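*Asks:* Sequence:
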Amino acid sequence: MTAGRLIVIVILGVTVLFGAALWWFVVRAYYERVDLNVLPITLASGAEIDLALDAAQAIDADTSPLRFRACFGLSGEILERFQSDAMAYDTPTPLTAPRWFNCFDAEAIGSALEAGEAQAYLATREIARGVDRVVAIFPDGRGYAWTQLNGTLE
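Note that the UniProt record's numbering gives residue 138 to position 138 of the sequence shown, counting from 1, and the numbers run on in steps of one.
To be clear, the hints were calculated from the coordinates, so they are not data collected in a lab.
Computed from a prediction, not measured in an experiment: that's the story for all the values here.
Warning: the hint list may mix true and false statements.
Claimed, not checked - Quick list of the computed label-pair ranges, beta carbon to beta carbon:
{"#": "1", "residue 1": "LEU12", "residue 2": "GLN83", "range": "54 to 64 Å"}
{"#": "2", "residue 1": "THR96", "residue 2": "GLY151", "range": "38 to 48 Å"}
{"#": "3", "residue 1": "LEU66", "residue 2": "LEU6", "range": "41 to 51 Å"}
{"#": "4", "residue 1": "PRO139", "residue 2": "ARG28", "range": "53 to 63 Å"}
{"#": "5", "residue 1": "ARG99", "residue 2": "ASP54", "range": "20 to 30 Å"}
{"#": "6", "residue 1": "ARG5", "residue 2": "ASN37", "range": "50 to 60 Å"}
Think of the CB as a built atom: it goes at the ideal place given N, C-alpha and C, for glycine as much as any other residue.
The task is simple: from the sequences and hints, build the whole structure.
*Replies:* Right under this line is the structure:
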């Protein structure tokens, strides 16, 4: 084997290893499953309540305030009270979740919001500087939460 071929093989090998490591760090390394039984919600009145969740699944990471995603259910009077008292969110933009967190489909949630099949509400303003936590609620009680930039950063 010539020196040129050996160099090419080494470069390709390092590139593949780097690509695999990069994928792992972006998609897997920092996310952790989070136990989520309640979600703090700011009502239109400004009062904050803890919203009790059913069958919640959530992920988050310490590396960025934008990595939070959650899927949950709301039932009966909790759903009705939430929909009547919560503050609507004007510019919801569900951010994609890692493929392995398959309960959260950002494209489907975004399409449902645009079609009026779901309603977006502010959960917490400024959960971190320039970041709001938003929830989308479907009439059947399915709920999804994520964090997104709120446009206050310049």
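*Asks:* None of the hints should be skipped; say for each whether it holds.
*Replies:* Hint-by-hint comparison with the structure:
Taken as a hint, the range 54 to 64 Å holds for the pair LEU12 and GLN83, whose Cβ atoms sit roughly 55 Å apart. Take THR96 and GLY151: their Cβ atoms lie about 19 Å apart, and the range 38 to 48 Å is violated. As the Cβ distance of LEU66 to LEU6 is approximately 43 Å, the hint placing it in 41 to 51 Å holds. The given range of 53 to 63 Å is broken by PRO139 and ARG28, whose C-beta atoms sit roughly 34 Å from each other.
The hint said 20 to 30 Å for the Cβ distance between ARG99 and ASP54, and at roughly 25 Å that hint holds. For ARG5 and ASN37, the hinted distance range of 50 to 60 Å is satisfied, since their beta carbons lie about 59 Å from each other.
When held up to the earlier numbered hints, the structure conflicts with 2 and 4 and fits the remainder.
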